[in-house]
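K.L.:
Could you slot chains B, C, D, E and F onto chain A? The hints should help.
Protein chains: 6
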Amino acid sequence: MRIVVTNCNTTAQMTEEIVQGARAAAAPGTTVTGLTPAWGPESAEGWLDSHLSAAAVLDTLRTYDGPPYDAVVLAGFGEHGREGVRELVDVPVVDITEAAAHLACLLGRRYGVITTLDRSRGQIEDSLETAGVARNCATVLGTGLAVLDLTTDPTRTETAFLTAATQAQAAGAEVLILGCAGMTGLQRKLSSQLRLPIVDGVSAAVKLAESLVTLGLTTSRTGSYARPLPKRRVWGRPQPT
Amino acid sequence: MRIVVTNCNTTAQMTEEIVQGARAAAAPGTTVTGLTPAWGPESAEGWLDSHLSAAAVLDTLRTYDGPPYDAVVLAGFGEHGREGVRELVDVPVVDITEAAAHLACLLGRRYGVITTLDRSRGQIEDSLETAGVARNCATVLGTGLAVLDLTTDPTRTETAFLTAATQAQAAGAEVLILGCAGMTGLQRKLSSQLRLPIVDGVSAAVKLAESLVTLGLTTSRTGSYARPLPKRRVWGRPQPT
Amino acid sequence: MRIVVTNCNTTAQMTEEIVQGARAAAAPGTTVTGLTPAWGPESAEGWLDSHLSAAAVLDTLRTYDGPPYDAVVLAGFGEHGREGVRELVDVPVVDITEAAAHLACLLGRRYGVITTLDRSRGQIEDSLETAGVARNCATVLGTGLAVLDLTTDPTRTETAFLTAATQAQAAGAEVLILGCAGMTGLQRKLSSQLRLPIVDGVSAAVKLAESLVTLGLTTSRTGSYARPLPKRRVWGRPQPT
Amino acid sequence: MRIVVTNCNTTAQMTEEIVQGARAAAAPGTTVTGLTPAWGPESAEGWLDSHLSAAAVLDTLRTYDGPPYDAVVLAGFGEHGREGVRELVDVPVVDITEAAAHLACLLGRRYGVITTLDRSRGQIEDSLETAGVARNCATVLGTGLAVLDLTTDPTRTETAFLTAATQAQAAGAEVLILGCAGMTGLQRKLSSQLRLPIVDGVSAAVKLAESLVTLGLTTSRTGSYARPLPKRRVWGRPQPT
Amino acid sequence: MRIVVTNCNTTAQMTEEIVQGARAAAAPGTTVTGLTPAWGPESAEGWLDSHLSAAAVLDTLRTYDGPPYDAVVLAGFGEHGREGVRELVDVPVVDITEAAAHLACLLGRRYGVITTLDRSRGQIEDSLETAGVARNCATVLGTGLAVLDLTTDPTRTETAFLTAATQAQAAGAEVLILGCAGMTGLQRKLSSQLRLPIVDGVSAAVKLAESLVTLGLTTSRTGSYARPLPKRRVWGRPQPT
Amino acid sequence: MRIVVTNCNTTAQMTEEIVQGARAAAAPGTTVTGLTPAWGPESAEGWLDSHLSAAAVLDTLRTYDGPPYDAVVLAGFGEHGREGVRELVDVPVVDITEAAAHLACLLGRRYGVITTLDRSRGQIEDSLETAGVARNCATVLGTGLAVLDLTTDPTRTETAFLTAATQAQAAGAEVLILGCAGMTGLQRKLSSQLRLPIVDGVSAAVKLAESLVTLGLTTSRTGSYARPLPKRRVWGRPQPT
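Chains as they are written, first to last, in the numbering used here: chain A, -7 to 233; chain B, -7 to 233; chain C, -7 to 233; chain D, -7 to 233; chain E, -7 to 233; chain F, -7 to 233.
Heads up, the list lumps identical chains together, so a pair's fine if it works in one copy or across two of them.
With a straight-line cut-off of 20 Å between C-alpha atoms, the simulated SDA-like cross-links for lysine to any residue are:
#: 1; residue 1: Lys223; residue 2: Thr28
#: 2; residue 1: Lys223; residue 2: Trp31
#: 3; residue 1: Lys223; residue 2: Leu109
#: 4; residue 1: Lys181; residue 2: Gly208
#: 5; residue 1: Lys181; residue 2: Ala16
#: 6; residue 1: Lys181; residue 2: Arg213
What the hints contain is simulated information worked out from the structure, not anything from laboratory work. Because the structure is a prediction, the values reported are computed rather than measured.
Just chain A, same shape as in the assembly:
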């Protein structure tokens, strides 16, 4: 089985880290292909970045010409595009935001999300709400760290995460979710220290995608996620000739 994992930004280094995380979670027979959009933001932080990212990710999948794949994992935590990709492709589509929440609901009564900047909290809340899994979300908290800063100083990142984790537990969280694809890996370091399950969205999405593929399930074409209608679409500013 081949799973395509799309980064939501143009930073290839981040795609690699995400692919590593995805491969660590994947079953033996699963091949993971990472895609980095050729355009979009270098990191997605805020609504404008998220809207730009959604179009770029759609364009990336629309023009993909590699080997056939069985599922798509969207590796932008809280980013837009999920529903459009469900229209576009015929295979199952799993977004890391919803994936983490689905697994977290199985592990405790309330979960908390720990993300990067405070400005991303609203997007994540909306994404969980429309995915239908917000009911058991106790809180979404920021660490104050930008996406591209997560890996520059691992100790600072861990400390910021632990501080937010304490707040999340006080708000009722019994499970934590890594609220950024760039945090992948942190769950292994911090879970035993916090004595709490920590769910990484990339890993969760890979397992859910594999599950759907194995069960022969894919997106319903009845209603919301019908195939895009054929029409004229231009994907980016026309160039002067």
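P.N.:
Then chains B, C, D, E and F, alone, in the frame of chain A:
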């Protein structure tokens, strides 16, 4: 005061109709400037179109180099982009989806939305929910007509609208909302026939935008809608050189 | 256009301040007429006052014999009566509670209301809920100041407001609402200091009322807000003769 | 124990019927005193009537000079005033709307309310919502009969009730509530025919009031229902002298 | 009238205390019969205990062979079994969790529950939610005391309760609920000290059960709570012979 | 990896069918062990059965003495016990009700559940609600077929399912869920006919359990699902000696 009204698709004819509707609603001192994105879908029907449209609208406003404006009206019913535009510009931003709902809440206890294709219902429901005005929405109904077909046969459009209106009333709607910018004008023909107020989102958004400008109010920069962070962003597929 | 603004209490001085605020917000062609009920409470603080006020305001409008008007603004924050007035008059009716919330939703993701006494919080929450705009309300907070004390010591009022504003921001508010008609004017002084938009309900209601009138929209008579049935009604304790 | 039952309108005949219903439900040691407001609407149908009624009921209790009482039952289904009366008196206050819903929740998973005119549905929904018992309400339905017509043709009333009952069951109701104090008595005739429990609000409120009195419980003065502040209040239009 | 009160655990001493509380609340003509399950947990703390308790309570009522009874009170705060008992018996069934909440809603705008261990909070929240009375619940708080420790050191229990009461008030509670049948009696000691109404579920359930019996109301057999289907059921591990 | 799948009833034939379904979904390295409770109901239909089943399932797992296992799948659709099992065992626990809903949310905007008897609808709704996945549930519908009748006449079962499926789609469902473990297998026959994804809870739960095990995730012990406290518990009526 100048209000920029952005069409969500690339069909200039539709921009003109929207601008006409906007001008009909505008106060004497208000200038309405219509913008048609240079890229994007020729009509927005479904999530993929909506995600593409959001990026194109943002790009259109980002690269706008006309006279200064005092407010932005986003004329795509149920389309994405609202929050990103709030980050981008320093003036008030009003989306026609939320605008129609805000005014409808003042006119009756429950409102209904009548839109084009059934596939757009989910987007509209989500847009109303995240805008905070879904509580009094009795139903969102489709007419089965595509966006670009609305004007080809006005009698068919009116009949389809009246059929859906009856269903909406049965579901509890006391006020109706035109669920597509391309329906602008229909409210004048059908309101007295139906003996119900019908709210057009474009008109509603123009009045709300004027209201905010007059009161000196604009988007809060504290929290969700802070200015976009400076970073590298590419707005469309790089061209081969 | 003429807008009638009804004070919810019998204190004429407060009507004047409200009318001043309304006039400051009104468009050039709008005439604002203030009405002070001849009976009711001298200030509305709590449910009993609110119920008394609602009947008095209805009676005031029912027996009004001045020049015709185009809209009614109800200037009691969190007070009852809104729906009854919608039944009574044929023109649009806008309550300052809902009006402030409608505009606040356009300016940030969550809003907070800062009111007078803690005892008023429940009424305001219920009023926002039934108006359909409570979803984005982060908090309703009291300042501990009574309605008629707001103007006696402006410095104390400002200090109390600023303290509550800080709490509201901590609760997630990105926009603030003045939760009492008697606070009108405060938004101009404090908005830049707090670097947050502050919405005054009186101003907001005037603009929304003007918007509805301009668009030719008025209350739906289908369903909830049908005209009152003709029947015997006595408006106050019969006097001994 | 003495329970004061206040009619919400000025029709003394209706007070008598309500008192009869209350007495039929009361415990041996309970004395029921009926109060008919000296002013207000002759029947409460719609918001305007409800607001007028609330003030009249408050005035009636405020000026009551009979023997001391232990609890108040408010016998207006869906009418305003509940919270104001809780501020006014020191004894428990039970509104028949909430009372019926509280008992109905104990008898089945979802309940339905059958009321008089459709225009009253909204008020009832709001009253249940703010009382905290709307969650298990499957539907609120009208019979098309006006309050004062309920007793003129009992067969018509029963037929209309049975028709609405069928609709309510289809909507999921497992228990029915009589949505008007003037329907009291109907539960005895129709419950076995429908093979469903039917809850009458007047009876329910009497039992709940007795329960609270017996347990020594009364309204909390902390927070929302603090005593009315001393101030100048005028209860009705001052008379020309 | 005879009311059967079932303890949720096997501790007969606790049954006696509950029966005492029930008798103190019962009307003169009401006989209270306490039942202690012959199997189950010695105290119910957590979900496993609650599930075990539910089956044991059902078995206790199923095999009851004493004098006929008119109602059942389930005296396990937050414990499972309520709906199953409604299927089993033909008389009204009142659970102390919901009973306390129903009365609390009549006494203040928001109520708080103070229970034993933190681990019980989730069960109580779910029980209130599915009973339809969670809307006005401000908070559910633990005292850190185990069920069987409540009576060992009354001073410690009171102190822990008072501490939690302060937190509950800060969270908006205007009324408190004793969140464990073993706390019965505490309301008399602490209500005046806290100047808040405190509702004891056992007393509340007795009054509600009496109310239903007096009004001739019992569980609806239409829909959810139909009689159990005849089938083979084994109530506990078959013994080796 | 070994997954223990517990039937919720004592019918061994049904355990076998469930185990077959589970094995069909399991990964190559997964061993599925079916457990049939030695006591409980022969089929679970209604609340009483569900409460009895929960205790029996807990007892079955508590006294299990087979080879170690890595996860538990609870194969009773809408039945109680989930949370208690999470307390009892140290490995991940997945209930087929929640499992089906989690996967269904990934496949369409709204899902519908088709179950056996109407009386089970309430339990399923509550189970989805407390699991945190009810938001996207469009409807829960019964087929009128008892659990043990599902396999006696496959044609009748399919016809009944298809009828309910049409109703579910009319209610907005874009994905269907088999609302009984005894329906396992039906998804393969009917999915292409209905042109809709159909999710079987047993298969879904197996995949989710495997996912959690692979990712090294298990139930949080912080808060709700702490280990059961050591205490005296009796699991079934003591036998006369």
